[in-house]
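Student: Listed below are the residues making up each chain.
Protein chains: 2
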Amino acid sequence: MGRYEKIDLPVSNIRRYLEPGPIVLVTSSFSKTRNIMTMGWHTVMEFTPSLVGCVIAAGNHSFELVRRSGECVINLPTTKLTDQVVAIGNTSGAEIDKFATFALTPQKAQLVGAPLIRECHANFECKLADDTLVDKYNFFIFEVVKAHVAPAPQHPRTLHYTGDGVFMVAGKIISRRSHFRPELLSD
Amino acid sequence: MGRYEKIDLPVSNIRRYLEPGPIVLVTSSFSKTRNIMTMGWHTVMEFTPSLVGCVIAAGNHSFELVRRSGECVINLPTTKLTDQVVAIGNTSGAEIDKFATFALTPQKAQLVGAPLIRECHANFECKLADDTLVDKYNFFIFEVVKAHVAPAPQHPRTLHYTGDGVFMVAGKIISRRSHFRPELLSD
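Protein sequences, first through last, are from chains A and B.
Numbered per this note's numbering, the first sequence spans residues 2 to 188.
Numbered per this note's numbering, the second sequence spans residues 2 to 188.
The shape of chain A in the complex, shown without the other chains:
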C-alpha cells in the first residue's frame, strides 16, 4: 500500500476534501487504547476556526475514546483502501486492534494523541470544540487544528457511501470558476 508523504495545509482549506462527502476513517486514543472507525456522517461547519461536525454513534467502541480524550484524527482514504474501509466498518475495536489486523501504519500526530493513518491521502488532527449535542444526537463538533495532505493526486479518488454496502467513487472534475463571484473564490 502507498504511504503518502504529506505537506501542511491551512486548516481553513479542509472543505476541499470533506465537503464532497467522502467516507472517512476516524482514529482515536485514550489510556493506551486506540481504535479506527469508518464515518460517513460529517459536515464542514466553519472555515475559521476550522469546524467539522460529525455523528459518532454511542454504540461504537470509538465513542468513549473520543469523548474521554476530547480528540481524534479524521483520515481520508481513497479507493486503494476500499477493502480496509469496509473491514473497519464491519468489525469492532473492542475485539481486535484494527491497525494490526488491517496492516495500517499509525503515525504520531503533532497536536493530538490519536494517531494518523499513514496510508490515507490526508489527515486532519481534531480537538473537541463543542459537545452540546453529544448526549442527544451523538453529534460532536471538532476544530481541525492541523491538516496534512498528499500533494498529489490533486483530486483523490475518494469513496462516498450510499448505504446498503454500495459506494460511489469520486468521478471527473469540472470547473465553473469563471462563473463565480470573486469573493467566493480562494484567491
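Quick caveat, the hints were computed from the structure, so don't treat them as lab data.
As the structure is a computational prediction, the values presented were derived from the model and not from experiment.
Mixed in with the good hints there might be a few duds.
To be verified - Have a look at the derived ranges for each label pair, beta carbon to beta carbon:
#1 B:Lys-33 x A:Asn-14: 17 to 23 Å
#2 A:Thr-34 x B:Lys-33: 53 to 59 Å
#3 B:Thr-106 x A:Asp-132: 40 to 46 Å
#4 B:Asp-98 x A:Glu-184: 18 to 24 Å
#5 A:Asp-132 x B:Ala-59: 22 to 28 Å
#6 B:Leu-186 x A:Lys-137: 25 to 31 Å
#7 B:Lys-173 x A:Phe-48: 27 to 33 Å
#8 A:Ala-104 x B:His-156: 56 to 62 Å
To be verified - The calculated lysine-lysine pairs, modelled on PhoX-like cross-linking and capped at a C-alpha distance of 25 Å, are:
#9 A:Lys-109 x A:Lys-81
#10 B:Lys-128 x A:Lys-137
#11 B:Lys-173 x A:Lys-137
#12 B:Lys-137 x A:Lys-147
#13 A:Lys-147 x A:Lys-81
#14 A:Lys-128 x A:Lys-109
#15 B:Lys-137 x A:Lys-128
#16 A:Lys-147 x A:Lys-7
#17 A:Lys-173 x B:Lys-81
#18 B:Lys-173 x A:Lys-173
#19 A:Lys-33 x A:Lys-128
#20 A:Lys-7 x A:Lys-137
#21 B:Lys-137 x B:Lys-109
#22 A:Lys-81 x B:Lys-147
#23 A:Lys-137 x B:Lys-147
Claimed, not checked - Partial pick of chain B residues on the chain A-facing surface, computed with a CB cut under 8 Å:
#24 Trp-42
#25 Asn-91
#26 Leu-129
#27 Thr-133
#28 His-161
#29 Gly-172
#30 His-180
Backbone N, C-alpha and C fix where the C-beta goes; we use that ideal spot for every residue, glycine too.
Following the hints, position chain B against chain A.
Tutor: Chain B only, in chain A's frame:
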C-alpha cells in the same frame, strides 16, 4: 430540462442520496417571499426520526425565511442543472426571483409551505427539529417528513463541491455488499 416524475421514498432511506455529499438546493418560503439557495454543508444525523443537520449562513436571504417558517425543502440537483446550481449560488434572492430567473418550476409540497423544484432528482420536505445551535453556528437540524425521488436513474450524477468554483461529479458505483454484516444492510 427534465421534469422527473417521482415516487415516495421512506424518509429513513434518504441517506442514500445525502450521505455521499452532494451540493443541494434549499427552497424556503415565508409570507409570500420564496427563495432558493445552494448548500454544501449538511450531514445525515439519524434514520428515525430522519434528521439532517446543515449550515445556512446568516448572511443568506434564505436564513430568515427558513428560521421564520421553520421549514424548507432540500432538493437534489444533478449535472443537468450545473449552470443553475452555480448561478443560484452566485446571486441573491433579495434581488431576483430565482425560480423565474433560472427557469425552475416550483411545485407544491405536501407537508411544508416551501416549494419543491420539479427539475431536481429528489425533494425532501423538512421541518425544523432543533435550533439549539443556530445562533452560535447557523446550524439547523431538520426532520425530513416527506421524500420524493425519481425512480431512475438509480444513482444520479450529483455534483460535489470542493471549493474555489470546482465540482467533483459522482463517478462509478461499486458494491461491497457481500462483505457487510447483515445488520448494517437495508434488507
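Student: Now tell me if each hint is right for this structure.
Tutor: These are the hints, each one checked on the structure:
| no. | hint | in the structure |
| --- | --- | --- |
| 1 | B:Lys-33 x A:Asn-14: 17 to 23 Å | 40 Å, violated |
| 2 | A:Thr-34 x B:Lys-33: 53 to 59 Å | 57 Å, holds |
| 3 | B:Thr-106 x A:Asp-132: 40 to 46 Å | 43 Å, holds |
| 4 | B:Asp-98 x A:Glu-184: 18 to 24 Å | 23 Å, holds |
| 5 | A:Asp-132 x B:Ala-59: 22 to 28 Å | 23 Å, holds |
| 6 | B:Leu-186 x A:Lys-137: 25 to 31 Å | 27 Å, holds |
| 7 | B:Lys-173 x A:Phe-48: 27 to 33 Å | 31 Å, holds |
| 8 | A:Ala-104 x B:His-156: 56 to 62 Å | 31 Å, violated |
| 9 | A:Lys-109 x A:Lys-81 | 22 Å, holds |
| 10 | B:Lys-128 x A:Lys-137 | 18 Å, holds |
| 11 | B:Lys-173 x A:Lys-137 | 36 Å, violated |
| 12 | B:Lys-137 x A:Lys-147 | 23 Å, holds |
| 13 | A:Lys-147 x A:Lys-81 | 24 Å, holds |
| 14 | A:Lys-128 x A:Lys-109 | 15 Å, holds |
| 15 | B:Lys-137 x A:Lys-128 | 18 Å, holds |
| 16 | A:Lys-147 x A:Lys-7 | 12 Å, holds |
| 17 | A:Lys-173 x B:Lys-81 | 15 Å, holds |
| 18 | B:Lys-173 x A:Lys-173 | 10 Å, holds |
| 19 | A:Lys-33 x A:Lys-128 | 18 Å, holds |
| 20 | A:Lys-7 x A:Lys-137 | 37 Å, violated |
| 21 | B:Lys-137 x B:Lys-109 | 32 Å, violated |
| 22 | A:Lys-81 x B:Lys-147 | 37 Å, violated |
| 23 | A:Lys-137 x B:Lys-147 | 23 Å, holds |
| 24 | Trp-42 | 5 Å, holds |
| 25 | Asn-91 | 5 Å, holds |
| 26 | Leu-129 | 14 Å, violated |
| 27 | Thr-133 | 7 Å, holds |
| 28 | His-161 | 4 Å, holds |
| 29 | Gly-172 | 3 Å, holds |
| 30 | His-180 | 5 Å, holds |
Hints 1, 8, 11, 20, 21, 22, 26 from the earlier list are contradicted by this structure; the remaining hints agree with it.
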